[in-house]
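Trainee: Below, each chain spelled out in residue letters.
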Amino acid sequence: MKISTKKLQWLLFGWFFLFPFLPVPGYWITIGNYIGLYSIVTLGLVLLTGIGGLTSFGQAAFVGLGAYTTGYLATAFGLSPWLGLLIGLAVSALAAGLIGSVTVRLSGHFLPLATIAWGLSLFYLFGTLEFLGKYDGLSGIPALSLFGIDLSAPRVMYGLIWFCLGGCVWLVLNLLNSRPGRAIRALAKGKTMPEAMGIHTAQYKILIFVLAALMASLSGWLYAHLQRSVSATPFGLHMGIEYLFMAVVGGVGHVWGAILGAVVMTGLKSQLQDLLPLLLGSQGNFEIVVFGVLIVLLLLWAPDGLWPRIAAVWARFNPPEPEVVAPAIAPDGYGDMARRAKPAANSVILEINEARKQFGGLVAVKDMTFEIRAGEVVGLIGPNGAGKSTMFNLVTGVLPASSGEIRFLGERIDQLGSRRIVQMGIGRSFQHVHLVPQLSVLENVAMGAHLRGRTSPLTAALRLDRHEEAQLLFLAAEQIRRVGLGDYMHTPAGSLALGQQRILEIARALCTDPVLLLLDEPAAGLRLKEKEALADLIRQLKREGMSVLLVEHDMDFVMGLTDRLVVMEFGSKIAEGLPAEIQNNEAVLAAYLGGIE
Amino acid sequence: MDFGIFAVLAQDGITNGAVYALLAMALVLVFSVTRIIFLPQGEFIGFGALTVAALQSGQFPRLVWMLMAVGVLTFLVEIGSALRQRRYKPLPRRHLMWSGIENLAYPTLVWVLARGLEWQGMPMVVQILFTLGITVPLGIMLYRIAFQPMAEASVLVLLIVAVGVHFALLGMGLFIFGPEGSTTQAFTDWSAEIGALMVSGQSVVVLGVSACLIALLYLFFDRSLYGKALRATAVNRKGAQLVGIGTTQAGRMAFGLAAALGTLAGTLIAPLNTVGYDTGFVVALKGFVAAIVGGLASYPLAAAGAVLVGLLESYSSFWASAYKEVIVFTLIIPVLAWRSLVSGHGDEE
Numbered sequence: 001m002k003i004s005t006k007k008l009q010w011l012l013f014g015w016f017f018l019f020p021f022l023p024v025p026g027y028w029i030t031i032g033n034y035i036g037l038y039s040i041v042t043l044g045l046v047l048l049t050g051i052g053g054l055t056s057f058g059q060a061a062f063v064g065l066g067a068y069t070t071g072y073l074a075t076a077f078g079l080s081p082w083l084g085l086l087i088g089l090a091v092s093a094l095a096a097g098l099i100g101s102v103t104v105r106l107s108g109h110f111l112p113l114a115t116i117a118w119g120l121s122l123f124y125l126f127g128t129l130e131f132l133g134k135y136d137g138l139s140g141i142p143a144l145s146l147f148g149i150d151l152s153a154p155r156v157m158y159g160l161i162w163f164c165l166g167g168c169v170w171l172v173l174n175l176l177n178s179r180p181g182r183a184i185r186a187l188a189k190g191k192t193m194p195e196a197m198g199i200h201t202a203q204y205k206i207l208i209f210v211l212a213a214l215m216a217s218l219s220g221w222l223y224a225h226l227q228r229s230v231s232a233t234p235f236g237l238h239m240g241i242e243y244l245f246m247a248v249v250g251g252v253g254h255v256w257g258a259i260l261g262a263v264v265m266t267g268l269k270s271q272l273q274d275l276l277p278l279l280l281g282s283q284g285n286f287e288i289v290v291f292g293v294l295i296v297l298l299l300l301w302a303p304d305g306l307w308p309r310i311a312a313v314w315a316r317f318n319p320p321e322p323e324v325v326a327p328a329i330a331p332d333g334y335g336d337m338a339r340r341a342k343p344a345a346n347s348v349i350l351e352i353n354e355a356r357k358q359f360g361g362l363v364a365v366k367d368m369t370f371e372i373r374a375g376e377v378v379g380l381i382g383p384n385g386a387g388k389s390t391m392f393n394l395v396t397g398v399l400p401a402s403s404g405e406i407r408f409l410g411e412r413i414d415q416l417g418s419r420r421i422v423q424m425g426i427g428r429s430f431q432h433v434h435l436v437p438q439l440s441v442l443e444n445v446a447m448g449a450h451l452r453g454r455t456s457p458l459t460a461a462l463r464l465d466r467h468e469e470a471q472l473l474f475l476a477a478e479q480i481r482r483v484g485l486g487d488y489m490h491t492p493a494g495s496l497a498l499g500q501q502r503i504l505e506i507a508r509a510l511c512t513d514p515v516l517l518l519l520d521e522p523a524a525g526l527r528l529k530e531k532e533a534l535a536d537l538i539r540q541l542k543r544e545g546m547s548v549l550l551v552e553h554d555m556d557f558v559m560g561l562t563d564r565l566v567v568m569e570f571g572s573k574i575a576e577g578l579p580a581e582i583q584n585n586e587a588v589l590a591a592y593l594g595g596i597e
Numbered sequence: 001m002d003f004g005i006f007a008v009l010a011q012d013g014i015t016n017g018a019v020y021a022l023l024a025m026a027l028v029l030v031f032s033v034t035r036i037i038f039l040p041q042g043e044f045i046g047f048g049a050l051t052v053a054a055l056q057s058g059q060f061p062r063l064v065w066m067l068m069a070v071g072v073l074t075f076l077v078e079i080g081s082a083l084r085q086r087r088y089k090p091l092p093r094r095h096l097m098w099s100g101i102e103n104l105a106y107p108t109l110v111w112v113l114a115r116g117l118e119w120q121g122m123p124m125v126v127q128i129l130f131t132l133g134i135t136v137p138l139g140i141m142l143y144r145i146a147f148q149p150m151a152e153a154s155v156l157v158l159l160i161v162a163v164g165v166h167f168a169l170l171g172m173g174l175f176i177f178g179p180e181g182s183t184t185q186a187f188t189d190w191s192a193e194i195g196a197l198m199v200s201g202q203s204v205v206v207l208g209v210s211a212c213l214i215a216l217l218y219l220f221f222d223r224s225l226y227g228k229a230l231r232a233t234a235v236n237r238k239g240a241q242l243v244g245i246g247t248t249q250a251g252r253m254a255f256g257l258a259a260a261l262g263t264l265a266g267t268l269i270a271p272l273n274t275v276g277y278d279t280g281f282v283v284a285l286k287g288f289v290a291a292i293v294g295g296l297a298s299y300p301l302a303a304a305g306a307v308l309v310g311l312l313e314s315y316s317s318f319w320a321s322a323y324k325e326v327i328v329f330t331l332i333i334p335v336l337a338w339r340s341l342v343s344g345h346g347d348e349e
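Note that the protein sequences, when read in sequence, are chains A and B.
FYI, the numbering for the first sequence is 1 to 597, going by this note's numbering.
FYI, the numbering for the second sequence is 1 to 349, going by this note's numbering.
These are computed hints drawn from the structure, not numbers from a lab.
Computed from a predicted structure; not experimentally measured.
There's no promise every hint is true.
What the hints assert, rightly or not - Straight-line alpha carbon distances no greater than 20 Å define the calculated EDC-like cross-link-like pairs of lysine to aspartate or glutamate that follow:
#1 A:K531 / A:D563
#2 B:K324 / A:D136
#3 A:K342 / A:E544
#4 A:K6 / A:E321
#5 B:K324 / A:E130
#6 A:K529 / A:D556
Modelling step: build the complete structure from the supplied sequences, incorporating the hints.
Mentor: Take a look at the structure:
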C-alpha cells in the first residue's frame, strides 16, 4: 500500500498522542510537555525566520507576555484562564504589532539586533515590575479546567499542549499553501520582486511577526498553567536564542522541522544532563559544553538542518508528489474573474515626457521623451551604461523620477510605487531573475496572481479559500501553458535553465493581467535556441494584442522583433524609428561602434 | 542633583563606556571581517580577569590547560583536513609543521613558563601580557576549529555556531575557574582632585588604554592598505579572494584581536568589579548595543555609542536603578530605526 508523504507526516505526528497512554515515567511526560511548548514557539520562528527571512531572538519575550498576562489576571483578579488566554493573545498581538511596525522595516542585520534589544528590555521589565512579583515572579496560578473537568494532571496537559501544537501546524501549513502564503514566501527574496507582484511587503512582514508572537504567547499561556507559577528567567535572551537553535537544527524553512528541532534539542539536553554527571562526575557544567560542541558539529554536518536531510533520504525511496496542483479543468467562476479592459488599438498607453533621474551630480536619465501605443512591441536599446535600466526602473516605480512626467493610460505614475503600478496594468520581468528556487514553477507563477485574489490570511489558515485558490492556480497554469512551460509545471524553479527561468518570469507577469509588459534584458546570457524561443513567445504575445517594452542591448535580438526602437546613450535619446532606419542611423552606429572623428 | 554627583556619575559612565567601547570595537572587527556575531566575546572578559587574578594570588593559571587541550584539538583538525584533501594535493608538510609549533609546542612553552616562573610579584603589565599570550592563541584556535570550515555559511548559521561556542566556553569557564568571582589589584592608587571631582587613577588608566586602542584600530582599518584589505573580505569574500586577500588569515587576525580586546576589557574592569566566569556575557551585550549604534561598521561611532551607553547606564542607575537595564536596551530601538533609515536600502538578498 502506498501512502502519501503528507499523510505519513500526520500519522507520525499522531503517534505522539499515544505517548501518555504508555506506561512511561512521569519525567518523560514532563519532557514531552516541554517539547510541545517549545515546538509551538519554534513553529512561529519557522514562519518568521525560515520562510519570511526575518531573524528574531526575541520570541522568548512573547512567551513571557502570554505567561505573565494570564498569571497576573488569574492571581490578582481571579479571572478565568480561558479569558487570560484571549487577553494574553490580544496583548501579544498588540505588542508585536507595535514593536513590529518599528523593527520589521529594519534592513539586513539590524533586525536581529533589534530583537535582541527588545527581548532583553522586556525580560528586564518582567524582572523589575512590582506587580509582576519582580524576579520571584507569580505563584499560585490555577490549573486549567474545561466544563468542570480538571486538566491539571501532566498527562492531561500533555494532550492539550500537543493538541494546540497540532492545530498550529495545521493552520500554518494551510496558510503557507495559499495566496497569502505565497506572498510570505516571496518576502525572503527582498522587496523589489514581491512589490512588483503587488504584494504589500511591510504589511506581510508585520503579519508574520504578529503570528509568530501569537504562537509564542499561546505557548506561554500553556506554560503558566502547567507550571502554576511564572518567573522571568525562562523568558530571557538565552531562551530566545535556544528557540532559534531549535528552528535552525530542525531545518529553519520547514514546518515539521520545528518539532524535530525541539525534540532533538530538548531530548539531547535532558539526556546529557542525566548522562554526563555519571560519566564525568558532578563537578562542573559539562552538559552545556557537550551541548555547544554537538551543535557546532551538527551544523558542520547539516548546515540546512536535519529535516531537509531526512526528507532527501525519504525522497529517494518515495519520490514526492507535487504538493500544489492546478485543477485540470477551469473551476466554476473562472470565466467571471475580473479582467482588465483592453485599450483601443493604436491608442497611446505609455507616455514619457521629459523624464529625468538624477543621483547626486549624475544624470542617469536626461529628459527622455517617447511613447508606446497599444499592441506595439518597442525596444529600448543602447550600449551598457546608457541609462536603460534606470529608465525601466522609473516606469516600473522602483525609483521615483526627479522631474518630468510619465503617464500610463492617461494617469501620472512617475511618483507611484511599484505595487500601485502593477495594479494599474504594467507587468514586468527582471534582468537578474527573482524566483523562489525551491518552489515549483506553478507556485512561482501563482505569485503573480496575488492581485487577482482576495483571500485573507485567516480564511487561508482555516482552509476556506479552496475555491479561489483553484481559480488562481488554474490561472497560473494557463499562463504557464501559454508561454510553453507546461511540461515543467511541478519542477522546482531553481532547477530550470536560465532561459526557462526568464520565460517563467514572463508567465508570472502575465498573471497580473497586464496591458503593457516590460521585459528587462530578457535575452542577456541566453543561448541561441533559448533566444529564438523567447522571440517566438514575444511575437505570440504581440499577436494576442499585448504591448511590450523590451529593454535590451542585443541588437540582433531586437531587430527582427520590434515595431519601433528607441536608442539611448548617456541618459539621452539619440534616435527613434523603425529597426531598419536605426540600423543605418549614424549616431547609433557611432554609439555602438565608436565614431570616426 | 548637584554638580558633584553629576560629575561622579559622568566619570563612572565614561569609564564604563570606555570598556564597552573596547568590546564594541572587537565585535565590529569580527563582524566586519567574518560576518560572525561574536557572542563568545564575553567569555574572554572572564578568562582574562580570572587568569590575572590567579597569577596575582600565586595560583597556577588553569586556563593554560584549556589552551593545551584546544591546541591538540586544533592540530587534529588540521591533520584531518589535510588528509581529506590528500586526493587533490600532496600533504602540506610545512603547513602542518607550523601548525604543530603553533598548537602543540607553543602551549607547552606557555605551560613551562606558567610553572617555572614566580608570577605573583611580577608587575601587572607583565601579568597582563602573559594572560594575552594565553587568550589570543585560544581565540585563533577557536576560529580554526569552529568557524573556518563554514566560513561561507549564512549569518544566521554562523551566529548559531557562535552561540554553540559560547555555551561550550561558558561550561569550560565554570569547570576551570569555579563559580566564585575574583577581583584583581588596582593599577594605581593615584588620584587627583579637580574642583569638586575626585579623579581616580583607575579611570584615567581605563580611559587612556581604551582611547589609544581605539585610535590604533581606527588608523589601521581606515588608513592602512592591509586594514582596507580586511574590510574588503567583509563586503565580498569571493571578490577579496580573487584579488589575493587571504580570507583565512583575515579571520585568524580578527579572532586574535577580538580575544585580546576582550581580555583587556576584563583586566580593566577587574580591579573595581568582581568578575566571575559568567560576568562577561551581559557586559559584552552592552558593548554589543554600542556596536549596534555604530551599525557594526564604524569604529568612531561605535566608540561614541559605547560612551552613550555608559552614561545612560550611570544616570539611569541614579534615578531609576531598577530600570537601568530596561532603559539601556530599549533606547537602542529608535537608534536602530534611525541607522536603518540612514543606511537606506540593503535588504536585497
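Trainee: Each of the hints needs a verdict: does it hold here or not?
Mentor: Hint-by-hint comparison with the structure:
1. A:K531 / A:D563: Holds, at roughly 18 Å.
2. B:K324 / A:D136: 19 Å, holds
3. A:K342 / A:E544: Cα-Cα ~11 Å, so holds.
4. A:K6 / A:E321: 9 Å, holds
5. B:K324 / A:E130: Given pair K324 (chain B), E130 (chain A) holds - Cα atoms ~15 Å apart, limit 20 Å.
6. A:K529 / A:D556: Within the cut-off at roughly 14 Å; holds.
Consistency with the previously given hints is maintained throughout, with no hint failing.
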